[in-house]
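Single-letter residue listing:
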Amino acid sequence: MADPRFFARQGPFSIGELARMADAELNEGADAALMIRDVAALDAAGPDDVSFLDNPRYAETFAASRAGACVVHPRFASRAPAGMALILTPAPYMAYAHIARAFYPPPRPVPAIAPTAVVDPTVALGEGCRIDSGAVIGARAEIGAGSWIGANAVIGEAVQLGKDCVVGASASISHALIGERVMIYAGARIGQDGFGFASDRSGHTRVPQLGRVIVGDDVEIGANTTVDRGAGPDTVIGAGCMIDNLVQIGHNVQMGRGCVIVSQVGISGSTRLGDFVVIGGQTGLAGHLSIGSGVRIAAKSGVHTNVPAGTDIGGAPAVPVREWRRQLAAVARLGRQKKSEGESSPESD
Amino acid sequence: MADPRFFARQGPFSIGELARMADAELNEGADAALMIRDVAALDAAGPDDVSFLDNPRYAETFAASRAGACVVHPRFASRAPAGMALILTPAPYMAYAHIARAFYPPPRPVPAIAPTAVVDPTVALGEGCRIDSGAVIGARAEIGAGSWIGANAVIGEAVQLGKDCVVGASASISHALIGERVMIYAGARIGQDGFGFASDRSGHTRVPQLGRVIVGDDVEIGANTTVDRGAGPDTVIGAGCMIDNLVQIGHNVQMGRGCVIVSQVGISGSTRLGDFVVIGGQTGLAGHLSIGSGVRIAAKSGVHTNVPAGTDIGGAPAVPVREWRRQLAAVARLGRQKKSEGESSPESD
Amino acid sequence: MADPRFFARQGPFSIGELARMADAELNEGADAALMIRDVAALDAAGPDDVSFLDNPRYAETFAASRAGACVVHPRFASRAPAGMALILTPAPYMAYAHIARAFYPPPRPVPAIAPTAVVDPTVALGEGCRIDSGAVIGARAEIGAGSWIGANAVIGEAVQLGKDCVVGASASISHALIGERVMIYAGARIGQDGFGFASDRSGHTRVPQLGRVIVGDDVEIGANTTVDRGAGPDTVIGAGCMIDNLVQIGHNVQMGRGCVIVSQVGISGSTRLGDFVVIGGQTGLAGHLSIGSGVRIAAKSGVHTNVPAGTDIGGAPAVPVREWRRQLAAVARLGRQKKSEGESSPESD
Chain A
261 MADPRFFARQ GPFSIGELAR MADAELNEGA DAALMIRDVA ALDAAGPDDV
311 SFLDNPRYAE TFAASRAGAC VVHPRFASRA PAGMALILTP APYMAYAHIA
361 RAFYPPPRPV PAIAPTAVVD PTVALGEGCR IDSGAVIGAR AEIGAGSWIG
411 ANAVIGEAVQ LGKDCVVGAS ASISHALIGE RVMIYAGARI GQDGFGFASD
461 RSGHTRVPQL GRVIVGDDVE IGANTTVDRG AGPDTVIGAG CMIDNLVQIG
511 HNVQMGRGCV IVSQVGISGS TRLGDFVVIG GQTGLAGHLS IGSGVRIAAK
561 SGVHTNVPAG TDIGGAPAVP VREWRRQLAA VARLGRQKKS EGESSPESD
Chain B
261 MADPRFFARQ GPFSIGELAR MADAELNEGA DAALMIRDVA ALDAAGPDDV
311 SFLDNPRYAE TFAASRAGAC VVHPRFASRA PAGMALILTP APYMAYAHIA
361 RAFYPPPRPV PAIAPTAVVD PTVALGEGCR IDSGAVIGAR AEIGAGSWIG
411 ANAVIGEAVQ LGKDCVVGAS ASISHALIGE RVMIYAGARI GQDGFGFASD
461 RSGHTRVPQL GRVIVGDDVE IGANTTVDRG AGPDTVIGAG CMIDNLVQIG
511 HNVQMGRGCV IVSQVGISGS TRLGDFVVIG GQTGLAGHLS IGSGVRIAAK
561 SGVHTNVPAG TDIGGAPAVP VREWRRQLAA VARLGRQKKS EGESSPESD
Chain C
261 MADPRFFARQ GPFSIGELAR MADAELNEGA DAALMIRDVA ALDAAGPDDV
311 SFLDNPRYAE TFAASRAGAC VVHPRFASRA PAGMALILTP APYMAYAHIA
361 RAFYPPPRPV PAIAPTAVVD PTVALGEGCR IDSGAVIGAR AEIGAGSWIG
411 ANAVIGEAVQ LGKDCVVGAS ASISHALIGE RVMIYAGARI GQDGFGFASD
461 RSGHTRVPQL GRVIVGDDVE IGANTTVDRG AGPDTVIGAG CMIDNLVQIG
511 HNVQMGRGCV IVSQVGISGS TRLGDFVVIG GQTGLAGHLS IGSGVRIAAK
561 SGVHTNVPAG TDIGGAPAVP VREWRRQLAA VARLGRQKKS EGESSPESD
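These protein sequence lines are chains A, B and C, in that order.
Position one of the first sequence corresponds to residue 261 (my numbering), numbered consecutively onward.
Position one of the second sequence corresponds to residue 261 (my numbering), numbered consecutively onward.
Position one of the third sequence corresponds to residue 261 (my numbering), numbered consecutively onward.
Treat the hints as calculated values from the structure; they're not laboratory data.
Ideal Cβ positions, reconstructed from N, Cα and C, are used throughout, including at glycine.
Check each hint, because a few of them may be wrong.
Label-pair restraints from in silico Cβ distances [unchecked claim]:
#: 1; chain 1: C; residue 1: R461; chain 2: B; residue 2: R317; range: 50 to 58 Å
#: 2; chain 1: C; residue 1: P366; chain 2: B; residue 2: R461; range: 17 to 25 Å
#: 3; chain 1: C; residue 1: P493; chain 2: B; residue 2: Q270; range: 54 to 62 Å
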């Protein structure tokens, strides 16, 4: 079970309630009134816990689990231990997400403004906000109802945050208009100048960066991630995007809805992503590209060209995944050749 | 136009004044007294705006632009729409930089020390500094006139900053001597211990890091970038270097003047760069290397050897760009071969 | 010598004392009472200084050094300049580490709680702690004796730190249990939510992250590094691990003892490392992997498979170093072929 020093548990809930939350069905013969007290991993769960099976590699663990109930795809139902209640759904991980959020809902801020927070008198602060110690909110900023500004976070002048946002400790935001239910993790940097300057032999002259950062609803921006404001147009992050830690988003980047950007990715200036683009960790995208909706890019790739919607690509420079796999297989063969082979017949390789 | 909630515009200026600022010429027949109120992109500009054409791919947009004036290379003059005033220069982007800075000059700090800032009584604070809420400045630090220390930034004991520096929100600086007009963005970490320790079977013993970070004039250090102090010698960043976000600079690194380091680059300890070295994003440099002046390194490269001045390199391990392109082309061909080909004749590849 | 504005020197020490600290021997004829005042690099040292020779490439510099004493492997003793006292040991860098720490011991915090620090009344604060300006320590946290919490750092509710820890400026920690003598550098982010959500066509639903971060004794976590808490199990960092700047550690990662993780590495969720694993800079590891003890991974690698203990690997995807070198050599040859060769005979490459 989760460490009660850090996590406050709700419940218990009956498996009938849980199935309803998860938009799922109980197995035949299950007792809808069975009470469940907590979530737990398959191998740690006991009779009061609900667990889940999503990754088939854990099917054996499922078959041996002592969980009182389990969220599972119907195709695994026959492998359940005797007496386990089954919450059946074709999307067990999503169902589990809803159940786990019932037991452990995101903490709601207790409204309060800490004595050492510095909130400019011109700030428009919604109802029920929590402003933690040392947070600084600049003139004319607007903070939506129910938002939580963490300790030592800095919200710049005229920044707008929608309702129910969370800004982590020591994060900073400037030149930005931010939607509702947005989570900005600790140390994220939103709205600073982009990397824009004109160069000649005498050096570099900064070009004023006159755009903003526009963030849609339900976005998450990870710890120590940086999002530069636009140079003239805005930098735009569409609703529902999930951005991991230590990501760099350059000026004028435009992301559609629901994109997933894994840790340490860098997206160069003015590149546009469609909706639901997925980018694996440590990948880099050059500037001024157009990446279509649904594109998936493997980790550690380098993308230098436009990519049509719905394509899976990988490699550096990135190519369609099928080609990339052939490249990797060919290079792997080169590595398995004996050194002498390679060197004795350079004309053949 | 720039959002007036975030940006304060100066002007208007006549195109004669703008041409003078930009060290450029007006086209024949242009009315030097024509007043311009703002900068704007080619496709958004109206008769009161000045725009610019730098990238030839936007030549069509230029030809259709409604901008009152445009900064442009003389070779494009004949494609201008009728009636557009032209500010002619062989370096339009630099000229535009100067004009845009006239309309939107970098904000000057209004001198003030916020009540919640903590400035040690032994700090030597120049005239006209602005110290924002929650900033902490340690004993014996020296802050040059006109400098601006952002909210919750931390300046360690005995650190020196020159005139007109800007330190962003929540940045921290220790063990450092910093020049004039240096911009350190939000969350940058300057002067912490380098990654130096001696190891044996029992573990790792930290070696004291006894150098400093020396930063020249007119340097920019990006958001959440880290610059470790020297181990014995200093870590040195030459005047005019532009360093993007999330870059790592190891201990004892020495950079010459005017280098450009794009986001997520890592430079390992004791490597030296000459002047005006340009390093593309996500590139890594091993330690103890010597990279000559004017070297340009492609994004995502891995550099393991010294590089002579003036060379363009790319790849991992990095080689001269011409070789690298051939490598890429050869690997791309391997990826386009049918799988059967590759597999049926392993002896030939 | 180190800049006295930043570093406080102890000593002097006799070479007899230094040899004892370093568990080393003096050369025959050396005067154990010879007093040494400082450490210095071979080329900068004078008669009052002790230096060291570790990397053989500096053997010439050693032979010409004016250092009064030098820590050196016995095999180089014969190349010492006349009159130099030698502190002989098979592990000169480790010996130097101990000597340098005698002259420049890690700064001990002067116990004090800054007036602007915010320490919740329920915090259990050990003896002799130093809490700097603007630091915020949440309810029920426990801070071990002798610990130093830097300016504007944020320690969340119920977090535990052991004795003699140092938390750098603006770092933040939540949901974590941390051992003794742990150093967390400026801007590090420990304990935030991992990147965990369930996705369907309507978008992404966050899965509660119910684990903690457990950090062993004597760990270092670099500037602006991020360590996510576990999703259910904990994220674990074993005793003595050294983690550089800008590293990403995903949820549920488990690291054994003494691992060395160089800057900008990313370790994806649920991957396990054994003891003394060494990972070069900018390398990425996929999730759910098992990396055995003593594995060494070259910089910029991409690891997608389990790796048996004691293996050296490199490349993306990573393979045993010997294979990787052959791959690199083969690709390098492709790059050196004339373009015409490659193109005229595609069937042979």
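Hints and how they fare:
1. C:R461 to B:R317: 50 to 58 Å: 36 Å, violated
2. C:P366 to B:R461: 17 to 25 Å: 23 Å, holds
3. C:P493 to B:Q270: 54 to 62 Å: 57 Å Cβ-Cβ, so the 54 to 62 Å window holds.
Hint check: a violation occurs at hint 1 only; the rest are consistent with the structure.
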